[in-house]
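Numbers 1 to 200, taken from my numbering, label the letters of the sequence shown in order.
To be clear, the hints were calculated from the coordinates, so they are not data collected in a lab.
The C-beta atom is built at its ideal place from N, Cα and C for all residues, glycine as well.
Hints may contain errors.
The following label-pair restraints were derived from C-beta to C-beta distances [unchecked claim]:
(1) Thr27 / Ile114: 24 to 34 Å
(2) Asp32 / Ile115: 42 to 52 Å
(3) Leu34 / Phe165: 42 to 52 Å
(4) Thr122 / Gly176: 20 to 30 Å
(5) Leu138 / Arg194: 35 to 45 Å
(6) Ile142 / Phe178: 43 to 53 Å
(7) Ala148 / Leu125: 17 to 27 Å
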Amino acid sequence: GQYMEGVKGVTSTLLSWFMGIIISIYTLLERDSLFRMSRKVFGIFMKQETMDKIGFYIHEISSIFYRFFFGKAVDSIIVGIIAIIGFSVLGVPFALLMGICIMLFNMIPYFGPIIGAVPVVTVTLLVNDVYSAIWTALFILILQQVDANILGPKILSNSVGVSPFWVIFAILVFGGLFGMLGMIVGVPAVAAIRLPLLDY
Numbered sequence: 001g002q003y004m005e006g007v008k009g010v011t012s013t014l015l016s017w018f019m020g021i022i023i024s025i026y027t028l029l030e031r032d033s034l035f036r037m038s039r040k041v042f043g044i045f046m047k048q049e050t051m052d053k054i055g056f057y058i059h060e061i062s063s064i065f066y067r068f069f070f071g072k073a074v075d076s077i078i079v080g081i082i083a084i085i086g087f088s089v090l091g092v093p094f095a096l097l098m099g100i101c102i103m104l105f106n107m108i109p110y111f112g113p114i115i116g117a118v119p120v121v122t123v124t125l126l127v128n129d130v131y132s133a134i135w136t137a138l139f140i141l142i143l144q145q146v147d148a149n150i151l152g153p154k155i156l157s158n159s160v161g162v163s164p165f166w167v168i169f170a171i172l173v174f175g176g177l178f179g180m181l182g183m184i185v186g187v188p189a190v191a192a193i194r195l196p197l198l199d200y
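Assemble the whole structure, with the sequences as input and the hints as a guide.
Written out as structure tokens, the structure is:
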């Protein structure tokens, strides 16, 4: 009973994260219409010059978030599908659920695959055996290297325009402040914060 409750809790959490990501993507797709409505509302209180400047930054910031999340979503879905197939071949328990876990954690740059590997390897160790857990860990390591060196660069290719230093800085600081959500949105948030500062 406790085991089933634990699986139910993990499934519910993963589903909530997945739905949150999907809703965020749809919101970013509607950014132009939302921006037009905002201009009409705030145009009552602000000068046209101020509105134009604010509009420029909002448009650039929304583009940064859109490129990042869309690119990472496509990358993560591909990685998740490969993971599900690989886990099924290796006999990993709950292969579909574990693949979705890898897919969701892959949204976090650099550290995501490592974080996602922990529950997968742990479940495999507890349900199967040590050798199965080792093969699973090796498969995830290879998959992460393929993603980091081939898939990720091709799909994302400078989507947010920040250096690796700022990526790691964003993950550590925003992750420390806001937890898992901060680790996901930290990179585009830092890129957005840096945008107006680059003009000075």
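Results of checking the hints against the structure:
Thr27 and Ile114 have their C-beta atoms about 29 Å apart, which keeps the hinted 24 to 34 Å range intact. Range check, Asp32 to Ile115: Cβ separation about 34 Å, and the 42 to 52 Å hint is violated. For the hinted restraint 42 to 52 Å between Leu34 and Phe165, the CB-CB distance of approximately 32 Å leaves it violated. The hint said 20 to 30 Å for the Cβ distance between Thr122 and Gly176, and at roughly 24 Å that hint holds.
The beta-carbon spacing between Leu138 and Arg194, approximately 38 Å, falls within the hinted interval of 35 to 45 Å. Taken as a hint, the range 43 to 53 Å is violated for the pair Ile142 and Phe178, whose Cβ atoms sit roughly 31 Å apart. Evaluation of the 17 to 27 Å hint for Ala148 and Leu125 yields a pass: the beta carbon distance comes to about 25 Å.
Of the numbered hints listed earlier, those contradicted by the structure are 2, 3 and 6.
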